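J.: Could you put together the complete structure from these sequences and hints?
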Amino acid sequence: MALPGPRSGQPLLEVENLQTHFRTKDGVNRAVDGVSFHVNAGETVAIVGESGCGKSVTSMSILRLIPEPPGKIAGAIRFQGKDLLKLSDREMRQIRGNEISMIFQEPMTSLNPVLTVGRQIGETLRLHQGLSAREAEQKAIEMLTLVGIPEPARRVREYPHQLSGGMRQRVMIAIALACNPKLLIADEPTTALDVTIQAQILELMRDLKHRVGAAIVLITHDLGVVAEVAERVIVMYAGRKVEEAEVGPLFRTPRHPYTQGLLGSMPKLGSSLHGEETRLAEIPGLVPSLKAKIPGCVFATRCPHTTDLCRQVAPALEEKAPGHVAACHYALKEEALAA
Amino acid sequence: MFAYVVRRILATIPVMAIVALFVFSLLYIAPGDPAAVIAGDQATPQDVERIRASLGLDRPFLVRFGEWVFRILQGDLGVSIFTNLPVTTMIQQRLEPTFSLMILTLCLAVTIAVPMGVVAAWKQGTLIDRAVMGFAVMGFSVPVFVVGYLLAYVFALELDWLPVQGYTAFSNGLWPWLENLILPAIALGGVYIALIARITRATMLEVLQQDYIRTARAKGAGQRSILFLHALKNAAVPIVTVIGIGVALLIGGAVVTESVFAIPGLGRLTVDAILRRDYPVIQGVILLFSFIYVIVNLAIDLMYTLFDPRIRY
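Line order of the protein sequences matches chains A and B.
Taken in order, the first sequence gives residues 6 to 344; the numbers are from our numbering.
Taken in order, the second sequence gives residues 2 to 314; the numbers are from our numbering.
Nothing false has been slipped in among the hints.
Pairs of lysine-lysine, BS3-like flavour, derived with a Cα cap of 30 Å:
{"id": "1", "chain 1": "A", "residue 1": "91", "chain 2": "A", "residue 2": "296"}
{"id": "2", "chain 1": "A", "residue 1": "296", "chain 2": "B", "residue 2": "124"}
{"id": "3", "chain 1": "B", "residue 1": "124", "chain 2": "A", "residue 2": "30"}
{"id": "4", "chain 1": "B", "residue 1": "124", "chain 2": "A", "residue 2": "77"}
{"id": "5", "chain 1": "A", "residue 1": "91", "chain 2": "B", "residue 2": "124"}
Every beta carbon over 10 Å from chain A, so not counted as near; a handful from chain B, in silico:
{"id": "6", "residue": "4"}
{"id": "7", "residue": "20"}
{"id": "8", "residue": "36"}
{"id": "9", "residue": "83"}
{"id": "10", "residue": "86"}
{"id": "11", "residue": "134"}
{"id": "12", "residue": "154"}
One side only, chain B facing chain A, incomplete, derived with CB under 7 Å:
{"id": "13", "residue": "212"}
{"id": "14", "residue": "213"}
{"id": "15", "residue": "216"}
{"id": "16", "residue": "218"}
{"id": "17", "residue": "234"}
{"id": "18", "residue": "235"}
{"id": "19", "residue": "309"}
{"id": "20", "residue": "310"}
It should be emphasised that the hints constitute simulated quantities derived from the structure, not laboratory data.
Treat the numbers as computed from the prediction; the structure is a model and nothing was measured.
Cβ atoms here follow ideal geometry from the backbone N, Cα and C, with glycine treated the same way.
T.: Here's what the structure looks like:
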């Protein structure tokens, strides 16, 4: 069992001014453009935002899974004080699947169809803990039991196509947790699953987090999931961080108009069928192209409160309340008006 | 699985029947009268007629076809018009050199071509990739006999490393056997290597885009394990299929290669038989080659289950 890291002092993961750019035929795509955040040991941090906001690219950049070229990662990603971007490929491989592991969105395609489940779980154990094939299979059976798969001794010899989507995501979790990582990155782990299975997988992740003591970075666009499992939330838009806060304050008093829009577009139980407002609120427009440098606020084209200032000057991230930052010129003012 | 194998073997019967019908019709389609050829220049029309009757060439087509098939099923491929030896004996004498050449070429081609294709896909767009693809185009476009003569000239005549031509039976030792076959196998393998390398590269490129490759990387797997375990096993089915289809190339190429390197195999036998219009021999050899092709491809189909657990028969 991994010991929980030091609560005070240095965070487990510190991402500083992360820039992941892709060279394409018609210019550079700034998928992630200057994002900084940290994750403490044992903490669950959610990164939310709509499709194309750079949240998946951020998570893949941490493990350096972005193909380079055409991608290029700059900035610093310090994990336990070491800058991952400065490690050799070999050193990086020792981190992947061992100290930092990852669960992906698509359980149907993320497992290798021609290798047994046991072999795929055992692979990390053999790579990082030097177990023999037999020991790895034993441990794989234990892991399958841990993630709640019935008849693990039989399942361990089966292939992914013999398992349902929910079971496959459980296997992915088993792979990710096999080496007791200190950080688990979950990229939309429940998006591809149906609702009842989603709840089971979230419950499992929460349960295992307590047992293993890993910190979690949860990438999602589902605010319901965020409210359920995260402690702190980072809102991303167009490759930037636009707001960050503890989960309570963020849901109660979202500062950035984008976050307000996101929360406003969430369906509430019972509200959609009756009453006058039967239509869900939406954020008009589309995420801007990331190929052109945006001079002002990235959200200016879609924001209901846009002024000339927003179009010309990019707002810096400011602490609007203790532990609550947002990148908006007017965020404080609105609060003052509301008060 | 067993039922499938039985079904597949039964399915080869109509295929072989069609091949047999075609092979048998050769005698009627091809120009020239075999009876006249056997009788020679000095023969009178009566002599030719007598020979024709003795060969049974004067009786109806279907009757003769039926009799012929019946004899083949008993293992009798007839008697060579030219040597008067049973065709089965003649084929048996020539079997070893050809099989040696084909199997060596197959092994050589697969061990060279598959890694070539894998590396080309891994290094897509680089100089290595382009070199492999360039080699593949060359392999396709330069004929076997050109490569064969070139190899013989450089490695046998100029450098004197290997014999120019001939064949030594395997029973005389591994090296004598091998040294005669290396050059022919390389010459024959060129096209085959090009074909396998190309399909390996194309399939690998597709597989390397898959999500499970990203998963393997996220687990900390090394490049070699990603390429040769995670990716290649997924790419195996198309590659193995092409290896099977390519056996036809080997059969066709063996005829030319054996002529270039003076190997006394089935290819030479075929060429000689065609030149002499020795129909029973031609028929026997074609039937044998067709049979080998059908069986190899059946074996390949069965091999799919080794690589892909989703395929069940």
